[in-house]
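Engineer: Sequence:
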Amino acid sequence: MFRVVATTRSPPPVPQPRPVPAKQQRPPLNIVFHFFPICCCKSIKVAKSCERICNFDVLNKKTLTGMFLGTDPCPQSHGLDLMQCAAQSEDHTQCCIERGVHTTSAGNKCLGFCNMRPGNTFQADVSMLPCWSVLNDIKSCFRDHIQNN
Numbered sequence: 001m002f003r004v005v006a007t008t009r010s011p012p013p014v015p016q017p018r019p020v021p022a023k024q025q026r027p028p029l030n031i032v033f034h035f036f037p038i039c040c041c042k043s044i045k046v047a048k049s050c051e052r053i054c055n056f057d058v059l060n061k062k063t064l065t066g067m068f069l070g071t072d073p074c075p076q077s078h079g080l081d082l083m084q085c086a087a088q089s090e091d092h093t094q095c096c097i098e099r100g101v102h103t104t105s106a107g108n109k110c111l112g113f114c115n116m117r118p119g120n121t122f123q124a125d126v127s128m129l130p131c132w133s134v135l136n137d138i139k140s141c142f143r144d145h146i147q148n149n
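Going by my numbering, the first residue of the sequence shown is number 1, and it counts up by one from there.
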């Protein structure tokens, strides 16, 4: 004769799916916008006097004008490096065109600030001073790229 014995074993655990990371778990954008240029500037070893400019908020008309005129501690020779870090060494020309960057009195010269791919031999000169009026548009293209990638 067979005897049935009841056991109190619990059922095997049911595997739970791993949670998918939500976009809300990404760092706040203000931290991201601050972090990317600083890391880039440190990796390419910009001058110590320029590290403070590796920030979207500090990379502005006043600072760039000071660099251009030689009144800022950061030498003008580091301007391209700073812009390349802000742009993540990408070409943002299409975004800049869509934002009207080329519509200043400097015309298409302002688009030079938008293409920051390595090997770009872009050099700012006095004819590009009108481009400062669209600097925020240029930086917004850089920010959009960081936000969307």
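What the hints contain is simulated information worked out from the structure, not anything from laboratory work.
Please note: incorrect hints may appear among the correct ones.
[Stated by the list, open to error] Okay, the calculated beta carbon distance ranges per label pair: (1) 97 <-> 147: 14 to 22 Å; (2) 91 <-> 61: 31 to 39 Å; (3) 45 <-> 107: 32 to 40 Å.
We put the CB at the ideal spot given by N, CA and C, even for glycine.
Engineer: Hints first: check each against the structure and report whether it holds.
Structural biologist: Against the structure, the hints come out as follows:
1. Taking the beta carbon of each, residue 97 and residue 147 are about 19 Å apart, inside 14 to 22 Å as hinted.
2. For the pair residue 91 and residue 61, the beta carbons lie near 23 Å from each other, so the given range of 31 to 39 Å is not met.
3. Take residue 45 and residue 107: their Cβ atoms lie about 34 Å apart, and the range 32 to 40 Å holds.
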